[in-house]
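Take the given structure of chain D and dock chain A to it, following the hints.
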Amino acid sequence: MSGWMAIPRDWLASLGEIARFSGRVMGLVYSGRVFHFFGEALRQAGILILGSAMVIWGLTFILGLQCGIEGAYFSRSVGAPSNAGTFAAWCDLREVIPYAFGYMMAAKVGTGIVAEIGAMRISDEVDALEVMGVNPMIFLCATRLLAAWITLPFIYLVGIGVGFIASYLAVVEQVGEVSAGGYFLIFWMFQNPPDLIFSVIKGMAMATVIVLVGCYYGYTASGGPVGVGTATAKSMVLNIVLVHIIGMMGTLVFWGANPRAPVGG
Amino acid sequence: MMILTGKTIVSAARPPYPYGGEFISQFLFALQLCWFPMMISTIAFGFGAPGLQAANFLSLFGALDRLGGFFILASVREFAPFVTAVVVAGVAGTAITADLGARKIREELDALQVLGVDPIKNLVVPRFLALMLITGLMDIYAVLFGISGGIFAEIAYGQPLGGFIATLFTNASVTDLWGSVLKCTMFGAVIAVVSCYYGMNASGGAEGVGRAVNVGVVVAFLGVFAFNYVFTQTLLATHPEISVIK
Numbered sequence: 001m002s003g004w005m006a007i008p009r010d011w012l013a014s015l016g017e018i019a020r021f022s023g024r025v026m027g028l029v030y031s032g033r034v035f036h037f038f039g040e041a042l043r044q045a046g047i048l049i050l051g052s053a054m055v056i057w058g059l060t061f062i063l064g065l066q067c068g069i070e071g072a073y074f075s076r077s078v079g080a081p082s083n084a085g086t087f088a089a090w091c092d093l094r095e096v097i098p099y100a101f102g103y104m105m106a107a108k109v110g111t112g113i114v115a116e117i118g119a120m121r122i123s124d125e126v127d128a129l130e131v132m133g134v135n136p137m138i139f140l141c142a143t144r145l146l147a148a149w150i151t152l153p154f155i156y157l158v159g160i161g162v163g164f165i166a167s168y169l170a171v172v173e174q175v176g177e178v179s180a181g182g183y184f185l186i187f188w189m190f191q192n193p194p195d196l197i198f199s200v201i202k203g204m205a206m207a208t209v210i211v212l213v214g215c216y217y218g219y220t221a222s223g224g225p226v227g228v229g230t231a232t233a234k235s236m237v238l239n240i241v242l243v244h245i246i247g248m249m250g251t252l253v254f255w256g257a258n259p260r261a262p263v264g265g
Numbered sequence: 001m002m003i004l005t006g007k008t009i010v011s012a013a014r015p016p017y018p019y020g021g022e023f024i025s026q027f028l029f030a031l032q033l034c035w036f037p038m039m040i041s042t043i044a045f046g047f048g049a050p051g052l053q054a055a056n057f058l059s060l061f062g063a064l065d066r067l068g069g070f071f072i073l074a075s076v077r078e079f080a081p082f083v084t085a086v087v088v089a090g091v092a093g094t095a096i097t098a099d100l101g102a103r104k105i106r107e108e109l110d111a112l113q114v115l116g117v118d119p120i121k122n123l124v125v126p127r128f129l130a131l132m133l134i135t136g137l138m139d140i141y142a143v144l145f146g147i148s149g150g151i152f153a154e155i156a157y158g159q160p161l162g163g164f165i166a167t168l169f170t171n172a173s174v175t176d177l178w179g180s181v182l183k184c185t186m187f188g189a190v191i192a193v194v195s196c197y198y199g200m201n202a203s204g205g206a207e208g209v210g211r212a213v214n215v216g217v218v219v220a221f222l223g224v225f226a227f228n229y230v231f232t233q234t235l236l237a238t239h240p241e242i243s244v245i246k
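In the order they appear, the protein sequences are chains D and A.
According to our numbering, the stretch in the first sequence is residues 1 to 265, in order.
According to our numbering, the stretch in the second sequence is residues 1 to 246, in order.
Check the hints yourself; a few may be wrong.
[To be verified] Computed spacing ranges between beta-carbons, pair by pair: (1) A:Y157 - D:V131: 58 to 64 angstroms; (2) A:P16 - D:G224: 34 to 40 angstroms; (3) D:P262 - A:I165: 29 to 35 angstroms; (4) A:S59 - D:I197: 21 to 27 angstroms.
[To be verified] Just some of the chain D residues that point at chain A, by a computed CB distance under 10 angstroms: (5) L28; (6) S31; (7) G46; (8) C91; (9) V96; (10) G110; (11) M120; (12) V126; (13) L129; (14) S179; (15) I197; (16) I240; (17) A261.
[As the list claims (entries may be wrong)] Computed footprint of chain A on chain D, listed as stretches where at least three residues anywhere in the stretch have a Cβ under 8 angstroms from a Cβ of chain A: (18) 69-78; (19) 146-158; (20) 180-188.
None of these hints come from the bench; they were simulated from the model.
Think of the CB as a built atom: it goes at the ideal place given N, C-alpha and C, for glycine as much as any other residue.
Okay, chain D solo, but in the shape it has when bound (with noise of 0.2 angstroms):
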């Protein structure tokens, strides 16, 4: 039974170790060496293409919907049904969609990798590529982020897509108080290019970290299966966290000294 203060300690102990392995592996793809396996990497992105867009579409629908009732509901409260696309852009593009991006990717990303190298290390297949004369680091670790940073603003972009299709429906064919071209009318005014580059920073912000955490905790896990399972709940806990305080920052940086609307002079 772990204490109360069993995870801000466990926290505190292994923060500099992942910052300083974050470090070595950036460093392993911004210099470069990560080309080496481009094919690795090519093929991780596939697997994330694959394996995780979908799912991570679908949350994103889910609270594009969300998005429009409470956007339409609180709307109508205020005596202006026609203006639910004020709600809804500012729901969906600046906070909803980037908290619905990270968590699916720490879901399903960052566990499945901790889940994947960890059950490597396990097996001790990680000492197998060093002893072949193969850097681990790199091979395993930097291609995942380089196959994170090639393929991750698409699908960011796509959910973005997927979420606004998700609000238009709960809004106008739904709830259908507001016409199709009154909602998009004030939905388009309400966001600009800049806004959609901000939330494209947020997600993929959310993204490194959940991809740089999970390789950490998997490279690092040890103590047999059991041992695989602990450390990918782990991740989860210490990526959820870093999602919520990622997108409080960003709001704060990017909108919160101007709220970029088209309001007043």
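Using the frame of chain D, we list chain A on its own:
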């Protein structure tokens, strides 16, 4: 999974009740795991999403004191249950899957069955009940910390807090609160059943347990959010009085 749910509910209701001690230790275990991630997550979420973003919008109209009313919609009705479910699924759910998966791999579950101990009654039922109870209670914890995140946002905009608190309490309704707690309790049930199911069906050596945790948390998220959509929709449509701004 449906079969597991049915069996769990039946064996929770039917005497004898040998799971008291396990229930308490699971409850404490989940509480010890969740309290810290939950606090950070809800403050961050409350400060960022509904806090800053809505305060931005309201400050354009010079109506920052209305943020309190918005927090009833944002925090109590939507984000507190949502963040609670994510944290409980990510923290306690994964721990349960890893725990049961490890027992399955070590063939402890089979050993229990040989000894004549029903694993559903002794392992799944206490986890199911503990997770239901703790998710419902954690919801109130999340509401408190979510609203304190909103208070931080209000302070960041240099507003006196009187307006915030006043609109918060005039807009608060009992329906919202019980809706939120009930929703969270159901989330807890979904998470517990999914985590136990994937833990008890883990197979395949070292990768099996990790894989089970992976699939379990993905399914738990999708289940929770799909349920959330249906529930919120029903609550809003059947109780129109809670969406009136006072």
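Evaluation of the provided hints:
For the pair A:Y157 and D:V131, the supplied restraint of 58 to 64 angstroms holds, since their beta-carbon distance comes to about 59 angstroms. A:P16 and D:G224 have their C-beta atoms about 35 angstroms apart, which keeps the hinted 34 to 40 angstroms range intact. Distance hint check: the CB atoms of D:P262 and A:I165 are about 31 angstroms apart, consistent with the given range 29 to 35 angstroms. Evaluation of the 21 to 27 angstroms hint for A:S59 and D:I197 yields a pass: the beta carbon distance comes to about 23 angstroms.
Here the hint on D:L28 is broken, as its CB sits about 24 angstroms from the closest CB of chain A, past 10 angstroms. Because the smallest distance between the Cβ of D:S31 and any Cβ of chain A comes to about 30 angstroms, over 10 angstroms, the interface hint for this residue is violated. Interface restraint check: D:G46 against chain A, minimum CB-CB distance 18 angstroms, threshold 10 angstroms, status violated. Hint status for D:C91: holds, given a least beta-carbon distance of 8 angstroms to chain A, under 10 angstroms.
For the restraint placing D:V96 at the interface with chain A, the shortest Cβ-Cβ distance is roughly 8 angstroms, inside the 10 angstroms limit, so the hint holds. Residue-level restraint check for D:G110 holds (minimum Cβ-Cβ distance to chain A is 9 angstroms; threshold 10 angstroms). Interface restraint check for D:M120: the shortest CB-CB distance to chain A comes to about 9 angstroms, inside 10 angstroms, so the restraint holds. Look at D:V126: its Cβ only gets to about 12 angstroms from chain A, farther than 10 angstroms, so that hint breaks.
For D:L129, the suggested interface contact is broken, since its CB lies about 16 angstroms from the closest CB of chain A, more than 10 angstroms. Annotation: D:S179 was flagged as interfacial toward chain A, and the flag is violated, the nearest CB pair being 21 angstroms apart, outside 10 angstroms. At its closest, the beta carbon of D:I197 sits 17 angstroms from a beta carbon of chain A; the interface hint therefore is violated under the 10 angstroms criterion. Interface hint status for D:I240: upheld, as the beta-carbon distance to the closest one in chain A is roughly 4 angstroms, under 10 angstroms.
The closest approach between the C-beta of D:A261 and any C-beta of chain A is roughly 6 angstroms, which is under the 10 angstroms cut-off, so the hint is satisfied. Restraint check on the stretch 69-78 of chain D versus chain A: 7 residues with Cβ-Cβ distances below 8 angstroms, three needed, restraint holds. Counting residues of the stretch 146-158 of chain D whose CB lies closer than 8 angstroms to any CB of chain A gives 0, so the stated coverage by that chain is violated, three being the minimum. For the stretch 180-188 of chain D, the stated coverage by chain A is not satisfied: 0 residues place a CB nearer than 8 angstroms to a CB of that chain, which falls below the threshold of 3.
Hints 5, 6, 7, 12, 13, 14, 15, 19, 20 from the list above are not met by this structure, while the remaining hints are.
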